[in-house]
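K.L.:
As a plain string of letters, each chain reads:
There are 2 protein chains.
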Amino acid sequence: MLNTFVGKKSLQMGLDGMKVCKFGGTSVASAQQIMKVAGLISSDRSRRIIVVSAPGKRNPEDTKVTDLLIRLADAALDGKDTGRHLGEVVGRFRSIADELGLAAGFAESVERDLLERLRADRPDAGRFLDLMKAAGEDNNARLVAAYLNQIGVDAVYMSPRDAGLIVEGPAGDGMADAACYERLAGLKEDPRVIVFPGFFGYTKDGILCTFGRGGSDITGAILAAATGADLYENFTDVDGVFAANPNVVDRPALIGKMTYREMRELAYNGFNVLHDESLMPAFLKSVPVNIRNTNNPSAPGTLIVKERNCKTQPVIGIAADSGFSTLFVDKYLMNREIGFGRRLLGILEDENISFEHTPSGIDNMSVIIRNKFLTPEKEERILRRCYEELKVDHAHLNSDYSMIVLVGEAMRHTKGLAARAAMALAGSGTNIEMINQGSSEVSIVFGVHKADEKKALRAVYNEFFVPIAVSSV
Amino acid sequence: MLNTFVGKKSLQMGLDGMKVCKFGGTSVASAQQIMKVAGLISSDRSRRIIVVSAPGKRNPEDTKVTDLLIRLADAALDGKDTGRHLGEVVGRFRSIADELGLAAGFAESVERDLLERLRADRPDAGRFLDLMKAAGEDNNARLVAAYLNQIGVDAVYMSPRDAGLIVEGPAGDGMADAACYERLAGLKEDPRVIVFPGFFGYTKDGILCTFGRGGSDITGAILAAATGADLYENFTDVDGVFAANPNVVDRPALIGKMTYREMRELAYNGFNVLHDESLMPAFLKSVPVNIRNTNNPSAPGTLIVKERNCKTQPVIGIAADSGFSTLFVDKYLMNREIGFGRRLLGILEDENISFEHTPSGIDNMSVIIRNKFLTPEKEERILRRCYEELKVDHAHLNSDYSMIVLVGEAMRHTKGLAARAAMALAGSGTNIEMINQGSSEVSIVFGVHKADEKKALRAVYNEFFVPIAVSSV
Numbered sequence: 001m002l003n004t005f006v007g008k009k010s011l012q013m014g015l016d017g018m019k020v021c022k023f024g025g026t027s028v029a030s031a032q033q034i035m036k037v038a039g040l041i042s043s044d045r046s047r048r049i050i051v052v053s054a055p056g057k058r059n060p061e062d063t064k065v066t067d068l069l070i071r072l073a074d075a076a077l078d079g080k081d082t083g084r085h086l087g088e089v090v091g092r093f094r095s096i097a098d099e100l101g102l103a104a105g106f107a108e109s110v111e112r113d114l115l116e117r118l119r120a121d122r123p124d125a126g127r128f129l130d131l132m133k134a135a136g137e138d139n140n141a142r143l144v145a146a147y148l149n150q151i152g153v154d155a156v157y158m159s160p161r162d163a164g165l166i167v168e169g170p171a172g173d174g175m176a177d178a179a180c181y182e183r184l185a186g187l188k189e190d191p192r193v194i195v196f197p198g199f200f201g202y203t204k205d206g207i208l209c210t211f212g213r214g215g216s217d218i219t220g221a222i223l224a225a226a227t228g229a230d231l232y233e234n235f236t237d238v239d240g241v242f243a244a245n246p247n248v249v250d251r252p253a254l255i256g257k258m259t260y261r262e263m264r265e266l267a268y269n270g271f272n273v274l275h276d277e278s279l280m281p282a283f284l285k286s287v288p289v290n291i292r293n294t295n296n297p298s299a300p301g302t303l304i305v306k307e308r309n310c311k312t313q314p315v316i317g318i319a320a321d322s323g324f325s326t327l328f329v330d331k332y333l334m335n336r337e338i339g340f341g342r343r344l345l346g347i348l349e350d351e352n353i354s355f356e357h358t359p360s361g362i363d364n365m366s367v368i369i370r371n372k373f374l375t376p377e378k379e380e381r382i383l384r385r386c387y388e389e390l391k392v393d394h395a396h397l398n399s400d401y402s403m404i405v406l407v408g409e410a411m412r413h414t415k416g417l418a419a420r421a422a423m424a425l426a427g428s429g430t431n432i433e434m435i436n437q438g439s440s441e442v443s444i445v446f447g448v449h450k451a452d453e454k455k456a457l458r459a460v461y462n463e464f465f466v467p468i469a470v471s472s473v
Numbered sequence: 001m002l003n004t005f006v007g008k009k010s011l012q013m014g015l016d017g018m019k020v021c022k023f024g025g026t027s028v029a030s031a032q033q034i035m036k037v038a039g040l041i042s043s044d045r046s047r048r049i050i051v052v053s054a055p056g057k058r059n060p061e062d063t064k065v066t067d068l069l070i071r072l073a074d075a076a077l078d079g080k081d082t083g084r085h086l087g088e089v090v091g092r093f094r095s096i097a098d099e100l101g102l103a104a105g106f107a108e109s110v111e112r113d114l115l116e117r118l119r120a121d122r123p124d125a126g127r128f129l130d131l132m133k134a135a136g137e138d139n140n141a142r143l144v145a146a147y148l149n150q151i152g153v154d155a156v157y158m159s160p161r162d163a164g165l166i167v168e169g170p171a172g173d174g175m176a177d178a179a180c181y182e183r184l185a186g187l188k189e190d191p192r193v194i195v196f197p198g199f200f201g202y203t204k205d206g207i208l209c210t211f212g213r214g215g216s217d218i219t220g221a222i223l224a225a226a227t228g229a230d231l232y233e234n235f236t237d238v239d240g241v242f243a244a245n246p247n248v249v250d251r252p253a254l255i256g257k258m259t260y261r262e263m264r265e266l267a268y269n270g271f272n273v274l275h276d277e278s279l280m281p282a283f284l285k286s287v288p289v290n291i292r293n294t295n296n297p298s299a300p301g302t303l304i305v306k307e308r309n310c311k312t313q314p315v316i317g318i319a320a321d322s323g324f325s326t327l328f329v330d331k332y333l334m335n336r337e338i339g340f341g342r343r344l345l346g347i348l349e350d351e352n353i354s355f356e357h358t359p360s361g362i363d364n365m366s367v368i369i370r371n372k373f374l375t376p377e378k379e380e381r382i383l384r385r386c387y388e389e390l391k392v393d394h395a396h397l398n399s400d401y402s403m404i405v406l407v408g409e410a411m412r413h414t415k416g417l418a419a420r421a422a423m424a425l426a427g428s429g430t431n432i433e434m435i436n437q438g439s440s441e442v443s444i445v446f447g448v449h450k451a452d453e454k455k456a457l458r459a460v461y462n463e464f465f466v467p468i469a470v471s472s473v
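One line per chain: the protein sequences are A and B, in this order.
Under my numbering, the first residue of the first sequence is numbered 1, with each subsequent residue one higher.
Under my numbering, the first residue of the second sequence is numbered 1, with each subsequent residue one higher.
Fair warning: there could be bad hints in the mix.
[Unchecked claim] Dumping the calculated BS3-like pairs for lysine-lysine here, alpha-carbon to alpha-carbon at most 27 Å: (1) B:Lys285 / A:Lys331; (2) B:Lys311 / A:Lys450; (3) A:Lys415 / B:Lys415; (4) B:Lys454 / A:Lys415; (5) A:Lys285 / A:Lys204.
[What the hints assert, rightly or not] Partial selection, computed: residues in chain B whose CB lies under 10 Å from chain A: (6) Phe340; (7) Leu390; (8) Gly427; (9) Val445.
Hints were generated in silico from the structure; no laboratory data involved.
Beta carbons: idealized from backbone N, C-alpha and C, even for Gly.
Based on the provided sequences and hints, a complete structural model is requested.
P.N.:
Okay, here's the thing in structure tokens:
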């Protein structure tokens with residue numbers, strides 16, 4: 001059931017359709033990997049726009065080119081010697097280019113590019129860091145285009161500047177300007193294979209600006225949306241999205257097909273295959289997204305679509321995420337005090353803290369917050385204001401919470417689902433600290449102690465994904 | 001287990017202890033009932049302070065004296081003839097007094113009292129209504145005191161004015177002034193049985209002011225607290241508090257002992273034996289409360305205490321209450337918008353609406369509100385402001401919600417409890433619309449459709465209160 005993902009649309013596509021393909025860091029980490037990528041491109045003429053990341057890790061102990069570039073940038077900013085770091089980056093590109101048999105001058109062109117970036121004006125450190133980091137994707141796109149040409153594919157490197165990918169926002173956290181979609185649409189008219197560097201664009205003033213988390217995914221999603229692609233293929237190093245964290249659950253099921261909302265909910269709650277908002281541009285234009293494995297191209301991967309038949313599988317995936325705190329306050333007759341909840345949330349807002357859940361009782365209220373938003377100083381101020389301004393009887397913060405999130409379309413309308421999950425948690429000896437169900441159509445959240453997180457995830461997974469042996473007479 | 005309520009304290013009390021007893025409307029509705037009450041008082045010398053309601057209904061079709069008095073007051077305010085209404089009230093007291101064999105002049109003294117009240121200045125209608133309504137309790141206290149004297153009990157009517165029960169607040173919604181407790185403490189030194197009218201006190205300026213809902217219960221609780229009574233006996237016409245609504249669940253268990261918190265939670269969520277805050281003065285001074293049946297005095301009733309052993313019974317009672325609405329809003333990337341929740345609650349606050357629960361998802365938030373707080377105009381304003389000010393994608397209100405509330409101390413720390421409840425609901429074919437668990441120590445709330453309320457209550461009740469037949473080999 002899980003793997004019957006191939007929808008009619010993708011079967012019909014063939015040569016007439018148009019795909020935007022993004023290849024992540026490990027897919028372009030070495031000459032061997034890039035040869036696989038080139039094979040995938042040359043074997044399917046519908047793969048017309050290719051977005052590439054910087055070369056990633058070749059093995060778990062390796063260092064990503066982006067990290068080498070950050071070291072180089074830091075050394076430059078600190079006024080230290082940059083030669084060794086520069087050499088490492090150039091060396092990575094040289095070894096790939098050599099192995100691919102590219103023209104001898106390629107590594108030198110990377111070195112010239114890096115030196116030019118190092119010599120650029122540095123009005124602020126953030127913009128400089130963006131400029132240096134983006135060199136990984138930029139040079140890698142040039143490299144992949146050169147290799148495609150060498151094997152006879154009519155490919156061209158496309159600069160985000162020339163294509164008109166306008167990005168606004170602070171350094172390291174850019175957002176594509178809505179107006180750029182129209183300009184980028186023209187890329188689909190180009191008969192060549194376009195190789196586009198991921199991760200960055202340029203401001204209206206021509207200053208390079210990178211996206212936040214999931215940068216190259218965002219570039220691919222923007223191009224897929226702008227060109228109205230039939231499919232956005234997102235190539236990674238896994239066969240797709242698993243229904244639960246494979247580091248905790250033994251051989252979890254692969255998700256064949258899920259909706260955008262399910263993907264977003266899983267990503268938000270800790271699935272790290274994708275960043276929760278990076279694919280949004282594609283979703284907004286209803287371009288289906290296919291998460292695939294460069295190293296196992298025959299696997300169909302995970303297809304992310306607008307709608308799916310949910311009757312056969314109400315739970316599509318189960319996320320588990322630690323790192324939550326609970327702010328608990330109680331005050332006798334709180335329920336009579338109109339405005340109490342608003343004022344409590346206002347105190348958190350003053351600290352620039354967003355909240356996840358707010359379970360409440362007659363005389364008490366809890367607010368679940370991600371630990372990353374808290375500091376000892378903020379905690380002290382929040383608790384003090386609860387006593388001084390809200391006149392609470394008690395207030396305290398606990399920081400050992402984990403959330404188990406069941407995700408699936410139509411979850412709310414499937415009877416008995418919360419019961420089965422709660423029963424599974426109880427059976428595993430996990431105490432349910434919190435349940436949040438009732439607003440989201442696609443998720444049920446269980447708060448548990450961090451110490452129980454793994455056994456809780458395994459128990460819920462087994463309830464919904466492992467066939468139960470039924471004894472027969 | 002349920003009926004082993006008699007704690008050490010109440011056993012030790014006997015003649016040395018001191019009880020405040022409150023008799024509700026049906027307990028003093030007729031001569032026969034007042035004779036029962038007198039028997040209870042004369043048989044236990046520790047019953048030293050007696051709070052009485054106005055005569056209540058003698059049968060389901062009867063009219064309470066308080067309602068007769070409201071009709072009388074309304075007629076007077078409308079400038080209509082008051083004779084007939086006056087006659088009805090006097091007639092009720094006359095029939096009771098005659099049957100008890102009280103001196104012939106008692107009914108006339110009631111008539112003189114009512115005429116005096118009708119002639120009083122009427123600076124505002126609310127205060128006048130309070131003055132008239134209170135005549136039921138006031139004259140009944142005089143009547144009960146007279147009857148006790150007649151049967152040889154040294155009893156005395158005590159006016160709240162003479163006792164110093166100072167009440168502040170608007171007409172019909174007074175609150176006892178904290179300073180009056182010290183004055184009222186002196187009542188315990190009186191060797192006589194004190195008969196005190198419930199439901200009202202006087203402002204510092206000597207104006208009569210009634211309490212809100214649960215008025216006579218409040219008077220009893222204040223006197224029990226002020227005198228440091230060993231027990232506050234609250235006599236009603238039921239054997240105690242049932243674990244679920246007997247109109248829905250067949251012969252529900254009687255709660256033998258529960259804590260204040262459990263009582264408050266059940267009362268807040270729809271148990272109508274007691275008003276959720278009326279007993280609070282007694283609780284704050286740790287005076288145990290015993291809900292008993294005037295018509296079945298051998299039944300031990302329900303004892304409400306500060307602490308109980310919760311291991312044997314994690315769920316003490318299950319409330320079900322209809323009349324809730326859900327305000328649902330969704331907005332893409334709501335989770336990134338710090339302050340959204342606060343602003344939504346602020347809109348409700350502007351309409352003077354308090355909220356019950358606020359389940360939330362990444363991009364959506366629901367607020368559960370009691371229907372009584374809503375009007376079509378308020379709903380329209382709230383929805384409009386959600387769109388205009390919060391720029392939500394969707395906002396709507398549903399008004400067909402019911403809440404099933406499981407109550408019990410240590411509920412949160414009993415593993416598997418939420419699971420059992422959810423399983424029972426699922427088994428009954430009820431869809432769980434909302435779950436709120438995680439802040440209150442003593443309750444878990446399930447939101448269900450109003451149409452499912454009764455079957456949901458029965459299912460959960462049967463899960464926790466009916467012994468399960470276990471098949472053995």
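K.L.:
Tell me if leucine 390 of chain B is really an interface residue toward chain A, meaning its C-beta lies closer than 10 Å to one of theirs.
P.N.:
13 Å, violated
K.L.:
Hey, lysine 415 of chain A versus lysine 415 of chain B, does the alpha-carbon distance stay inside 27 Å?
P.N.:
Cα-Cα ~22 Å, so holds.
K.L.:
A closest beta-carbon separation below 10 Å is what the hint needs, so does phenylalanine 340 of chain B meet it against chain A?
P.N.:
8 Å, holds
K.L.:
Taken at face value, is the distance from the CA of lysine 204 of chain A to the CA of lysine 285 of chain A at most 27 Å?
P.N.:
Holds, at about 24 Å.
K.L.:
Min Cβ distance, glycine 427 of chain B to chain A: is it shorter than 10 Å?
P.N.:
8 Å, holds
K.L.:
Regarding the pair lysine 285 of chain B and lysine 331 of chain A, is the alpha-carbon distance no greater than 27 Å?
P.N.:
The hint holds at about 18 Å.
K.L.:
Assess, step by step, whether the Cα of lysine 454 of chain B is no farther than 27 Å from the Cα of lysine 415 of chain A, and give holds or violated.
P.N.:
Answer holds: lysine 454 of chain B to lysine 415 of chain A is near 17 Å, not above 27 Å.
K.L.:
Hint validation: valine 445 of chain B versus chain A, beta carbon distance must be below 10 Å. Holds or violated?
P.N.:
Status holds, d = 9 Å.
K.L.:
Assess, step by step, whether the Cα of lysine 311 of chain B is no farther than 27 Å from the Cα of lysine 450 of chain A, and give holds or violated.
P.N.:
Holds, at about 25 Å.
Hint compliance for this structure: hint 7 alone is broken.
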